[in-house]
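Number of protein chains: 2
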Amino acid sequence: MNRHGFAFTVHARCPETAARQATFDTPHGPVSTPAFMPVGTRATVKGAMPRDLREIGSQMLLANTYHLHLRPGEEVVRKLGGLHGMMAWDGPILTDSGGYQVFSMGDINRVTEQGVRFKSIVDGSMIDLTPERAVDIQQALAADVQMAFDHCPSDPTDRKLVSEATDRTHRWLERGVRHHRATGGEDRGQALFGIVQGGAFEDLRAASVDAVCSHDLIGYAIGGVSVGEDREAMRLAVSAAAPRLPEDRPRYLMGVGTPRDFFDAIERGIDLFDCVTPTRHARNHMAFTTEGIRNLRNQGYAEDPRPLDPNCDCPCCTQYSRGTLRHLSVTQEMLGGMLLTLHNLRFFHRLMQRIREAIPAGRLLALRDEVVEASSRRLTPED
Amino acid sequence: MNRHGFAFTVHARCPETAARQATFDTPHGPVSTPAFMPVGTRATVKGAMPRDLREIGSQMLLANTYHLHLRPGEEVVRKLGGLHGMMAWDGPILTDSGGYQVFSMGDINRVTEQGVRFKSIVDGSMIDLTPERAVDIQQALAADVQMAFDHCPSDPTDRKLVSEATDRTHRWLERGVRHHRATGGEDRGQALFGIVQGGAFEDLRAASVDAVCSHDLIGYAIGGVSVGEDREAMRLAVSAAAPRLPEDRPRYLMGVGTPRDFFDAIERGIDLFDCVTPTRHARNHMAFTTEGIRNLRNQGYAEDPRPLDPNCDCPCCTQYSRGTLRHLSVTQEMLGGMLLTLHNLRFFHRLMQRIREAIPAGRLLALRDEVVEASSRRLTPED
Chain A
28 MNRHGFAFTV
38 HARCPETAAR
48 QATFDTPHGP
58 VSTPAFMPVG
68 TRATVKGAMP
78 RDLREIGSQM
88 LLANTYHLHL
98 RPGEEVVRKL
108 GGLHGMMAWD
118 GPILTDSGGY
128 QVFSMGDINR
138 VTEQGVRFKS
148 IVDGSMIDLT
158 PERAVDIQQA
168 LAADVQMAFD
178 HCPSDPTDRK
188 LVSEATDRTH
198 RWLERGVRHH
208 RATGGEDRGQ
218 ALFGIVQGGA
228 FEDLRAASVD
238 AVCSHDLIGY
248 AIGGVSVGED
258 REAMRLAVSA
268 AAPRLPEDRP
278 RYLMGVGTPR
288 DFFDAIERGI
298 DLFDCVTPTR
308 HARNHMAFTT
318 EGIRNLRNQG
328 YAEDPRPLDP
338 NCDCPCCTQY
348 SRGTLRHLSV
358 TQEMLGGMLL
368 TLHNLRFFHR
378 LMQRIREAIP
388 AGRLLALRDE
398 VVEASSRRLT
408 PED
Chain B
28 MNRHGFAFTV
38 HARCPETAAR
48 QATFDTPHGP
58 VSTPAFMPVG
68 TRATVKGAMP
78 RDLREIGSQM
88 LLANTYHLHL
98 RPGEEVVRKL
108 GGLHGMMAWD
118 GPILTDSGGY
128 QVFSMGDINR
138 VTEQGVRFKS
148 IVDGSMIDLT
158 PERAVDIQQA
168 LAADVQMAFD
178 HCPSDPTDRK
188 LVSEATDRTH
198 RWLERGVRHH
208 RATGGEDRGQ
218 ALFGIVQGGA
228 FEDLRAASVD
238 AVCSHDLIGY
248 AIGGVSVGED
258 REAMRLAVSA
268 AAPRLPEDRP
278 RYLMGVGTPR
288 DFFDAIERGI
298 DLFDCVTPTR
308 HARNHMAFTT
318 EGIRNLRNQG
328 YAEDPRPLDP
338 NCDCPCCTQY
348 SRGTLRHLSV
358 TQEMLGGMLL
368 TLHNLRFFHR
378 LMQRIREAIP
388 AGRLLALRDE
398 VVEASSRRLT
408 PED
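For the record, the sequence lines run as chains A and B.
Under the working numbering, the first residue of the first sequence is numbered 28, with each subsequent residue one higher.
Under the working numbering, the first residue of the second sequence is numbered 28, with each subsequent residue one higher.
Be aware that a few hints might be false.
What the hints assert, rightly or not - Partial list, derived from the structure: chain B residues whose beta carbon lies under 8 Å from chain A: (1) 71; (2) 73; (3) 115; (4) 346; (5) 348; (6) 350; (7) 354; (8) 357; (9) 358; (10) 361; (11) 364.
Stated by the list, open to error - Simulated coverage check for chain A against chain B, where a stretch passes if three residues somewhere in it have a Cβ under 8 Å from a Cβ of chain B: (12) 72 to 82; (13) 354 to 365.
Because the hints were derived from the structure by calculation, they are not lab data.
Each residue gets a CB set at the ideal place from its N, CA and C atoms; glycine is no exception.
Required output: the full structure, derived from the provided sequences and hints.
Okay, here's the thing in C-alpha cells:
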C-alpha cells in the first residue's frame, strides 16, 4: 500500500506466529512497527518535552479529540498550527475520534442514529458528535491519522448491545468515509482508519472486519478491547479480527496495554498500540522495569543508591537513584513524574524495539518467555 | 583570592559604578558573575531537568537546608551522593543555612543564645538548629558553598530587634566558623560564607560588615534584605554594606529579586543572586519577557500564534506559541509550568549575560535604561 504519503511495507514475518515487522510511512515520517504510541491527551504527553520523547524512542504520538474539542477547541488548534504546531512535534500524530471518551466518561444525553449528544465536562454545555463532525474536528486538529467515530459498547459480553453498537459503527463508518472523501480526505495528507467492533463474539468480530474492510482505508483498528474485559476476551477478539484484516495495511489495537498484552496481540498480527498506563503510572510513582514493577513511594527505597532499572538507558536511570526518585515522589516534586514518565515510555519503546529485532530473527516467543513474566512481577525494595 | 579550589578573579570594573565582572571558581567549576542562581528547594529546580538548566545558562544552583533537613534528611542526602548526586548536577551548588526559613516560616518554639527550637512542618516534631548543627547538616548536603546560620530579623526597621539579631548573628558566625574549621572546613572542598545583617540601618550594616569580615572567609553575603521592606530600604542596606566588603571576595545578595533590584545591587558591587520569583511565577503562569510581564492565563492569548518573547532563544519561545502556553496553563498541564520555568530562568540568565558584557564595555547604565522599564511593564494581550 502506498498512497498520498502513506505506505505500509512489511519487512519480515515471524515464522512461528502472525507477527510482522514493518514500516508505516506517514506525511510526517516513518514509524517502525510494532510500535507503542504515547498518549498526549490535551496536546501534550503529560510532563514530557518533545525532544526528550524523541530521544527515548517515541515515533508517533496520540492526542484525544474529545478533550481537545472541549479545550481549546479544534478551531483554536487549527489557528495555532494544528497539533504538530501546538505540540512542537514534527513526527507522526494520530487522533482518536472521541467515541471512546464520549461513551466511557461522557455524561451522555442521547444516542441516536444521527450521533451522540453529551454534556461537556468543562462547562456543562450540550455537544453533538456525529461521524461527520468527528471527521471535521479531526481535520482541524490535522494529525496524520484520524479515527472513524465508533460506538464502543460498554459491556463486550452483552450480545444484543454489542450487535447494535457494531452495526451502528458500520453505518457511522460509511458516513464518515463519505464525508472524509468529500472534504479532501487523503489528498489533505490525513488518513482515516476504520474501527472494528464486535465485542467478545467471534462471529460479530469477523462480520465487523468484513464491513469495515469493505472500505479501502489506509489502516484499520480493533476497538472495544480495553474496557475492563479479561485477558482471554481480549485475546479472543484480536484472534477473531486480526487474521481477517488486509495483510498490507497497519493494524492498530486501541488502548492496549501491558507487555503481556503486546505479545498476545503482536503474535496475532497487530502493529500499533497506545495506552495511558506508562504515563499515568509514572505520575502515580509506579515504574515498569526489566525486573518488574516498583512503587517508588515505598519507604524501603529511601536510601537506595541504585538506579531504578540497571538495564535501562533512559535519563532517569542513568542519572538518578531509587532514593532520589523516592524523595521526589514523597515530596510531590514535578521532576519525579517527569523522570518516571520518560522511564516508563523508554521501557515500552525498548520492549517494542526488541520485538522488532526478534521478529526477523525468529526469536519472538523466546523473547516473550524472557520478558513477560519478569516485567509483570510486583517488586519490593528488597527484590 | 585562591584557595582550596576556590578563587575569585575580577576581570573588569564598570567605570561609572562599583559593578565588577568576575569569575568565581568552585570545586565544581566556574561561575561567571554577576550571576543568578536558580532555587532548587528540595534538591530539584521545580519542573526542570538539569540538562535543560545547563543549556539555558544556569551555572550554579541553590538548595534549601531547612527543607532538605526535614525531607529526606541530610544523612539520606549524604548516602545518595550528596546534592550533586541527588540533583544530577555536576556544577556548583550553594546551600542556605536554614536560618531564613526557620525565622520566616518555621513554627518557632524558642530562640536562645544556643540556637533555635522549631516545629517541623512535616511531622510536628521539635527540631533544634544551632550554628554548629547548620554546619554539620550542610556538610552532609555537600554543596560547594554553605552559608552561616544567621538570625534574620523579621522587621528590618525595628532597631532594637535588628541590633540584637545582628549581634547574635555575629556570635553565631564565630561558632559556625570555628566548627566548620574543626570539622575539615575548606579542606573538604566546601566554603562557608558569612552573612551581614543590620536591617535598614546604615551604622548597623557597617558594623556588621566589620564583624563578619573579621573572619577570613571565601565569600560574604548580605542577608535580611528580602523580607518585605521597600526598595529604598534595600538599596540603603546594600549601599551601606557592599562597599565595605573585601574587593577580592564574591558578594552574594540573598533572595533578590527583580531586574531593577539586580541593577541596583550590581551597581553597588554585588556578584551573586538567588530568588524563587522566576520559577514560582512560572508555575503561576507569569512570564518575564523583554517586552514586560505577561499572565498567560489571559483569554486574550488563546489564539495568539506568536512566541511568548520574540527576542528569546529558550525552548519555550522557539517552539511554542502564546496560544499553546495559554492552553497548557488553563488545563493545568505540567508542560506549561515546565516551559515557563525554563523561559523565566533563561530571561534572568540572559539579563545577567548582557550585564556581564556591559560592565567591561562601560555600558551598564545604558543597559539599565534599556532593560528595567521595559521588563517591569505589566502587559495585556494587546501589547
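Structure-based check of all given hints:
At its closest, the beta carbon of residue 71 of chain B sits 4 Å from a beta carbon of chain A; the interface hint therefore holds under the 8 Å criterion. Satisfaction of the interface hint for residue 73 of chain B is found here, the shortest Cβ-Cβ separation to chain A being roughly 6 Å, below the 8 Å cut-off. For the restraint placing residue 115 of chain B at the interface with chain A, the shortest Cβ-Cβ distance is roughly 4 Å, inside the 8 Å limit, so the hint holds. For residue 346 of chain B, the suggested interface contact is upheld, since its CB lies about 4 Å from the closest CB of chain A, less than 8 Å.
Against a cut-off of 8 Å between C-beta atoms, the interface hint on residue 348 of chain B holds, since the closest Cβ of chain A lies about 5 Å away. With its C-beta approaching chain A no nearer than about 4 Å, residue 350 of chain B sits inside the 8 Å limit, and its interface hint holds. Hint status for residue 354 of chain B: holds, given a least beta-carbon distance of 5 Å to chain A, under 8 Å. Among the interface hints, the one on residue 357 of chain B holds; its C-beta lies about 7 Å from the nearest C-beta in chain A, closer than the 8 Å criterion.
About 5 Å separates the beta-carbon of residue 358 of chain B from the nearest beta-carbon of chain A, less than 8 Å, and the hint is met. Proximity of residue 361 of chain B to chain A holds as hinted, the smallest CB-CB distance being about 4 Å (cut-off 8 Å). For residue 364 of chain B, the shortest C-beta to C-beta distance to chain A is roughly 7 Å, which falls under 8 Å, so the interface hint holds. Here the stretch 72 to 82 of chain A counts 7 residues with a CB under 8 Å from a CB of chain B, which clears the bar of 3, and the coverage holds.
Given a C-beta distance limit of less than 8 Å, the hint that chain B covers the stretch 354 to 365 of chain A holds, as 9 residues qualify and 3 suffice.
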